[in-house]
Amino acid sequence: MKFHFKTDYDQDIRLFPDWWNFSLYAALLVLALALPLLIDPFFLGEATNVLIWAVAGLGLMLLTGQTGQVSLGHSAFMALGCYSCVLMMEANVPFVLAFLLAGVITGVVGALIAVPALKLHGVYLAIATLALAILADDIIVLLKEWTDGVNGKMSPPIDLFGYEISRWNNPVEWYYLVLTVVLMVTLFYRNLLRAPLGRAFAAVRDSEISAQAMGVNVAQTKTIAFGISCAITGLGGALMGLFAGAFNNETFNFLLSIQLLMMIVVGGLGFIHGAFLGAVVIAFLPQVLSMTTDLFGRGVAIPGLESGVFGVILILFILFEPMGLYGRWLKFRVFLELFPFARKDMFKRQKSYLKTERLR
Amino acid sequence: MSLLEIDSVTLKFGGVTAVNNLSMRVEEGQVFALVGPNGAGKSTVFNLISRFYTPVSGSIRFDGQDVLKMAPHEVPNLGIARTFQNIELFHQATVLQNLLVGRHRLRQTNMLAQMLHLPSVRAEERAHRHAVEEVIDFLDLQPYRNSRIAGLPYGVRKVVELGRALASKPRMLLLDEPASGLSVEETQNMRWWIDDIRRQMGITVLMVEHDMGLVSKVCDRVLALADGAKLAEGTPAEVQSHPKVIEAYLGTNAVSKGGKVA
Numbered sequence: 010m011k012f013h014f015k016t017d018y019d020q021d022i023r024l025f026p027d028w029w030n031f032s033l034y035a036a037l038l039v040l041a042l043a044l045p046l047l048i049d050p051f052f053l054g055e056a057t058n059v060l061i062w063a064v065a066g067l068g069l070m071l072l073t074g075q076t077g078q079v080s081l082g083h084s085a086f087m088a089l090g091c092y093s094c095v096l097m098m099e100a101n102v103p104f105v106l107a108f109l110l111a112g113v114i115t116g117v118v119g120a121l122i123a124v125p126a127l128k129l130h131g132v133y134l135a136i137a138t139l140a141l142a143i144l145a146d147d148i149i150v151l152l153k154e155w156t157d158g159v160n161g162k163m164s165p166p167i168d169l170f171g172y173e174i175s176r177w178n179n180p181v182e183w184y185y186l187v188l189t190v191v192l193m194v195t196l197f198y199r200n201l202l203r204a205p206l207g208r209a210f211a212a213v214r215d216s217e218i219s220a221q222a223m224g225v226n227v228a229q230t231k232t233i234a235f236g237i238s239c240a241i242t243g244l245g246g247a248l249m250g251l252f253a254g255a256f257n258n259e260t261f262n263f264l265l266s267i268q269l270l271m272m273i274v275v276g277g278l279g280f281i282h283g284a285f286l287g288a289v290v291i292a293f294l295p296q297v298l299s300m301t302t303d304l305f306g307r308g309v310a311i312p313g314l315e316s317g318v319f320g321v322i323l324i325l326f327i328l329f330e331p332m333g334l335y336g337r338w339l340k341f342r343v344f345l346e347l348f349p350f351a352r353k354d355m356f357k358r359q360k361s362y363l364k365t366e367r368l369r
Numbered sequence: 043m044s045l046l047e048i049d050s051v052t053l054k055f056g057g058v059t060a061v062n063n064l065s066m067r068v069e070e071g072q073v074f075a076l077v078g079p080n081g082a083g084k085s086t087v088f089n090l091i092s093r094f095y096t097p098v099s100g101s102i103r104f105d106g107q108d109v110l111k112m113a114p115h116e117v118p119n120l121g122i123a124r125t126f127q128n129i130e131l132f133h134q135a136t137v138l139q140n141l142l143v144g145r146h147r148l149r150q151t152n153m154l155a156q157m158l159h160l161p162s163v164r165a166e167e168r169a170h171r172h173a174v175e176e177v178i179d180f181l182d183l184q185p186y187r188n189s190r191i192a193g194l195p196y197g198v199r200k201v202v203e204l205g206r207a208l209a210s211k212p213r214m215l216l217l218d219e220p221a222s223g224l225s226v227e228e229t230q231n232m233r234w235w236i237d238d239i240r241r242q243m244g245i246t247v248l249m250v251e252h253d254m255g256l257v258s259k260v261c262d263r264v265l266a267l268a269d270g271a272k273l274a275e276g277t278p279a280e281v282q283s284h285p286k287v288i289e290a291y292l293g294t295n296a297v298s299k300g301g302k303v304a
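Protein sequence lines correspond, in order, to chains F and V. So the first sequence is numbered by my numbering: it starts at 10 and just counts up by one. So the second sequence is numbered by my numbering: it starts at 43 and just counts up by one.
Please note that a few of the clues may not be correct.
[To be verified] Calculated cross-link-like contacts (lysine-lysine; reagent style BS3-like; alpha-carbon spacing at most 27 Å):
1) V:LYS111 x F:LYS128
2) V:LYS272 x V:LYS286
3) F:LYS15 x V:LYS211
Treat the hints as calculated values from the structure; they're not laboratory data. Just so we're clear, the structure is a prediction, and the values are computed from it rather than from any experiment.
All chains should be modelled from the sequences, with the hints used to inform the complete structure.
Structure follows, in structure tokens:
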């Protein structure tokens, strides 16, 4: 077990607590940068897909993991991010500007929707946002003058400062583009967590009543969380649409929201690592499933298999590992560090039955 | 002018009158206790000051400012911090993070600066941490600095909640049953802390407490409530020997038989 001898407050404020931790993440970054040299273009495309899922997942993680508000409507915000980005690109707005503006637009719309929606709590909020996701599907069809409805749109090639990046011709550049977005979003996320706003998110999640008593404006904090969350998810949606090559209303149907939610639960609610681990599961599961059915079913497709397996995995995680994959790793690490003194109940959640919720 | 002035406040829940025409004054530097049987409306008075409830009539003024005009999250900006009867900490966060939330009202940087972690944010974080460390020193919380609340014993949580309130640099502290559920030793500690909070930090304390031993040791002034109305007010000794108070706690027979109850 490591002991940190602390001599400076900055040691708790810095992104990495010590050199060992820093070198681990530096090694991971080097690996990520060198990935195009190590694997062939097909798997590089898969890696890009994982990172895109991770961006969208980080958005929902901020809302659900950090602020404690469940949303099943994030597919709508992915759609909004995607369509606004592509429409601006078609109007000859430079890609970087269009991409960032798409995030801003999604964030502002998300915050506006949050004002009435966040008066609801728990499962009611989930249902209200689910309605939003289902509505978005229809709205895309109704607005076919702009969105081309069910026929869908082709993603234009990305023009980055005069250098064209297309999905098929430049997979390596695409990968680096997505990696840059992932790094920026993760850095912003970490910065928020170590600042007053991030602590206000946690305060709202754990006890609204005492957050208020400490001067946290609960409604405002939730709205900000929803806005930032939607902005990040919108960026993820824009990347997803551009990466897919073509997209329509079906690309962003409400199942996408459920996949997003499942991703952060399986990865580990409230951990940045959780969004990435969940993204790996979500992105590779369809591949693994199709390989398995090829092996055993001789190529006969089983309808609904994918959603079925997703559902079973989600149920198993909620029952047996609510802290997700990253939580399981943390437990394993503590077990090794304390060996043989780790106790089984160390991570058990204490339930508190005496809550002051009746004040609401 | 008194620091806290409550004038003829009445609060009704449907047909139940929770607080009935209550008036009280808390002077700056006082330690003031609210006592009374269960359901007398003591915590309700706290929740009125915190603006979780709005009274039907009456006024609440803190340092001359109308508290009733404010939203619940604005009350701490006046310099009022509080603890809760059932401990309302942020369970999934560490002790340090809980105490830092106490500093929330004193933050000065905006969201964008925080996202980019500008030098101003870093400087502010250091200042907050320094202030929080002083609270940690004062309450001897050093061993628990990085522990999550979810794994801490009850007595420590109680102290962390006091610390979180102190971290916000209040002028008045509302303590809802600071000694409930504490051991004899922990209650002793609480007594010294309340004394020091008043003497060293110059913070006015308003508390709800059942432990009359603690109340008579630390409080200057006591107000007894029953069924939402004021029964008696005065020094701890005066209130304890007041016949109406004895009646409220022990019933009418006790008074008529002996007149004096131990």
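Tested hints:
In summary, the hint linking LYS111 (chain V) to LYS128 (chain F) is supported, as the alpha carbons are separated by about 22 Å, within the 27 Å threshold. A threshold of 27 Å between alpha carbons decides the hint, and for LYS272 (chain V) with LYS286 (chain V) the separation of about 10 Å falls inside it, so the pair holds. With a CA separation close to 26 Å, the supplied pair LYS15 (chain F) and LYS211 (chain V) stays within the 27 Å bound.
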